[in-house]
Structure formats: structure tokens, C-alpha cells
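Use these hints to put chain B onto chain A, whose structure you have.
In the order they appear, the protein sequences are chains A and B.
Here the working numbering is used: the first residue of the first sequence is 234, the next is one more, and so on.
Here the working numbering is used: the first residue of the second sequence is 11, the next is one more, and so on.
One or more hints might be untrue.
Unchecked claim - BS3-like mimics (lysine-lysine), calculated; alpha carbons at most 25 Å apart, straight line:
| # | chain 1 | residue 1 | chain 2 | residue 2 |
| --- | --- | --- | --- | --- |
| 1 | B | 52 | B | 120 |
| 2 | B | 108 | B | 12 |
| 3 | A | 253 | B | 52 |
| 4 | A | 297 | B | 116 |
| 5 | B | 108 | A | 297 |
| 6 | B | 108 | A | 288 |
| 7 | A | 299 | B | 108 |
| 8 | B | 12 | A | 274 |
| 9 | B | 12 | B | 77 |
| 10 | B | 77 | A | 274 |
| 11 | A | 274 | B | 52 |
| 12 | A | 274 | B | 108 |
| 13 | A | 247 | A | 288 |
Stated by the list, open to error - Computed footprint of chain A on chain B; a stretch qualifies when at least three of its residues, placed anywhere within it, have a C-beta under 8 Å from a C-beta of chain A:
| # | region |
| --- | --- |
| 14 | 20 to 27 |
| 15 | 63 to 75 |
| 16 | 108 to 121 |
Keep in mind the hints are simulated off the structure, nothing from the lab.
Owing to the predicted nature of the structure, the values given are computational and were not obtained by experimental measurement.
The beta-carbon is built from N, C-alpha and C at its ideal position, and this holds for glycine as well.
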Amino acid sequence: GAVVSQHPSRVICKSGTSVKIECRSLDFQATTMFWYRQFPKQSLMLMATSNEGSKATYEQGVEKDKFLINHASLTLSTLTVTSAHPEDSSFYICSARGLAVRGEQFFGPGTRLTVL
Amino acid sequence: QKEVEQNSGPLSVPEGAIASLNCTYSDRVSQSFFWYRQYSGKSPELIMSIYSNGDKEDGRFTAQLNKASQYVSLLIRDSQPSDSATYLCAVTPYNFNKFYFGSGTKLNVKP
Numbered sequence: 234g235a236v237v238s239q240h241p242s243r244v245i246c247k248s249g250t251s252v253k254i255e256c257r258s259l260d261f262q263a264t265t266m267f268w269y270r271q272f273p274k275q276s277l278m279l280m281a282t283s284n285e286g287s288k289a290t291y292e293q294g295v296e297k298d299k300f301l302i303n304h305a306s307l308t309l310s311t312l313t314v315t316s317a318h319p320e321d322s323s324f325y326i327c328s329a330r331g332l333a334v335r336g337e338q339f340f341g342p343g344t345r346l347t348v349l
Numbered sequence: 011q012k013e014v015e016q017n018s019g020p021l022s023v024p025e026g027a028i029a030s031l032n033c034t035y036s037d038r039v040s041q042s043f044f045w046y047r048q049y050s051g052k053s054p055e056l057i058m059s060i061y062s063n064g065d066k067e068d069g070r071f072t073a074q075l076n077k078a079s080q081y082v083s084l085l086i087r088d089s090q091p092s093d094s095a096t097y098l099c100a101v102t103p104y105n106f107n108k109f110y111f112g113s114g115t116k117l118n119v120k121p
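If we strip away everything but chain A, and leave its shape as in the complex, we get (with noise of 0.2 Å):
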């Protein structure tokens, strides 16, 4: 139980197009999902918090016009890259926590993200 789907899992695409990444919870509801960004080498970096319903709580220095989240239903997250840019470029992962567990985040494969 407890797996987490993303789609796509790598995306190539030109500077100033946007690009849209799925996160599903298959096999549970996700009343919370995160999303990550992380670099080469570099520890997960928590880019926002969405709650099914309502806005994403982003974190300090995330634009929230750029990374647009939208959490509409117990299974399902999107997060919007705008108008992409090749520092963009990265490995973003999502995560869901249900309300039957005590707190586990079950990651989604991730998705791979190159700018050019």
C-alpha cells in the first residue's frame, strides 16, 4: 500500500513554455501532499504544502506565481512550472501523507525536469 505515482517522469522542454507535473496517491487519500525540488547532491528542498481544497502554503522564497499548485481532489496534485527557465531545471518530487498513518510522507517517484 501507500504508493504515490508522478507523471511525467522526465520532461525536456524549451526556455518560456510551461510545463505541468501530476501526483497521485493510488492506493490511499492524500489529504496533504508536498512538493520537493532538489538539485545534484544537493538534500531535499520543501518548495510547498498543499492541503486538498485549499491554497498551497508555500515556502520562503518559492514564487508561488511560477510554481503554481493545485491540490482538487483527495488523490490528486498538480504542480505548474510557468514560463520555464534552464535554471528550472531540477528534480521535483512529490510527496502524500494520508490521514491513516501517524505522519509517514510517501514519495513519488519523481519527475526530471530539463530546461534547455
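What follows is chain B alone, placed relative to chain A:
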């Protein structure tokens, strides 16, 4: 001061030895503690969770929690080369609304 601190390593152990990974945290009201394993280029994978003082064993893994001293550790017995990864310690407060991750300890198990 960081919420969660880990030695970045790398920690090198020979195959078959015990690997000991340590983590300290600053928030005394932290309630839940987790160890994640992250292979290079992959996302983190939950391997252990612990909520009360003492030891918790799961196969070759033992998590140890000491709330008074504010540390949590992970022991890996009979280490295998496949255990080579970065191990992340995570701590969450009573309402579970946020995770605090350490920067991770890189473990190398040499055949």
C-alpha cells in the same frame, strides 16, 4: 540552527559490518521520526518510523530514539553493497503538518 542535523559522510563500512547513522533534532515537541533511503537519482523511500523512546527493529534495520537527548539513530546490521545510498532523517511535530529533513548521510558499503 537547523531543525535536523546529520553528518553528511560519507560513512564507509565493509560488507557485513554494522552501519550506524545518527541524527539530532532541535524541536523538543517533535512526535514522529522517520528514516528514508535515497539512491542516487531516485526519490526517497521510507524504511523505518519510530514514535516512542527505545529501539524498533525491522529485519536488518533498528531505529533508536532518545527524546531526552533529542537524537534518533539507524543501525543497519550485516550491511550489503545494496545498502549504499543516502539516508535521510525526518522529524515531524505533533500535527504532522510539516516534515523537517536532515541533509542526509551518504553510506558506502564496500564489498
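Quickly compare the C-alpha distance for residue 12 of chain B and residue 77 of chain B to 25 Å and report which way the hint goes.
holds, 17 Å
Satisfaction of hint between residue 116 of chain B and residue 297 of chain A, Cα-Cα up to 25 Å:
violated, 32 Å
Holds or violated: are the alpha carbons of residue 247 of chain A and residue 288 of chain A at most 25 Å from each other?
Judged against 25 Å, a Cα distance of about 28 Å means the pair is violated.
Is the hinted pair residue 108 of chain B and residue 297 of chain A satisfied, with a Cα-Cα distance of at most 25 Å?
Given that 25 Å is the threshold and the Cα spacing comes to 18 Å, the pair holds.
Run the distance test for residue 77 of chain B versus residue 274 of chain A: straight-line Cα separation, threshold 25 Å.
Distance ~30 Å between residue 77 of chain B and residue 274 of chain A Cα, so the pair is violated.
Can the restraint linking residue 108 of chain B and residue 12 of chain B be considered satisfied, given a maximum Cα separation of 25 Å?
holds, 14 Å
Given the hinted pair residue 299 of chain A and residue 108 of chain B, is their alpha-carbon gap at most 25 Å?
Roughly 22 Å between the alpha carbons, so the hint for residue 299 of chain A and residue 108 of chain B holds.
Take a quick look at whether residue 253 of chain A and residue 52 of chain B sit within 25 Å of each other, Cα to Cα.
Distance of about 20 Å is within 25 Å: holds.
Outcome, coverage hint (the region 108 to 121 of chain B, chain A; C-beta under 8 Å; three residues):
Our answer is that it holds, as 6 residues pass the Cβ test (under 8 Å) against chain A, meeting three.
Assess, step by step, whether the Cα of residue 52 of chain B is no farther than 25 Å from the Cα of residue 120 of chain B, and give holds or violated.
Holds. Residue 52 of chain B to residue 120 of chain B sits at ~21 Å (cutoff 25 Å).
Between the alpha carbons of residue 274 of chain A and residue 108 of chain B, is the straight-line distance 25 Å or under?
Since the Cα atoms of residue 274 of chain A and residue 108 of chain B sit roughly 23 Å apart, the hinted pair holds (cutoff 25 Å).
With the threshold set at 25 Å, check whether the alpha-carbon distance from residue 108 of chain B to residue 288 of chain A stays at or below it.
holds, 16 Å
Violated hints, listed in ascending order, are 4, 10, 13, 14, 15; each of the other numbered hints is respected by the structure.
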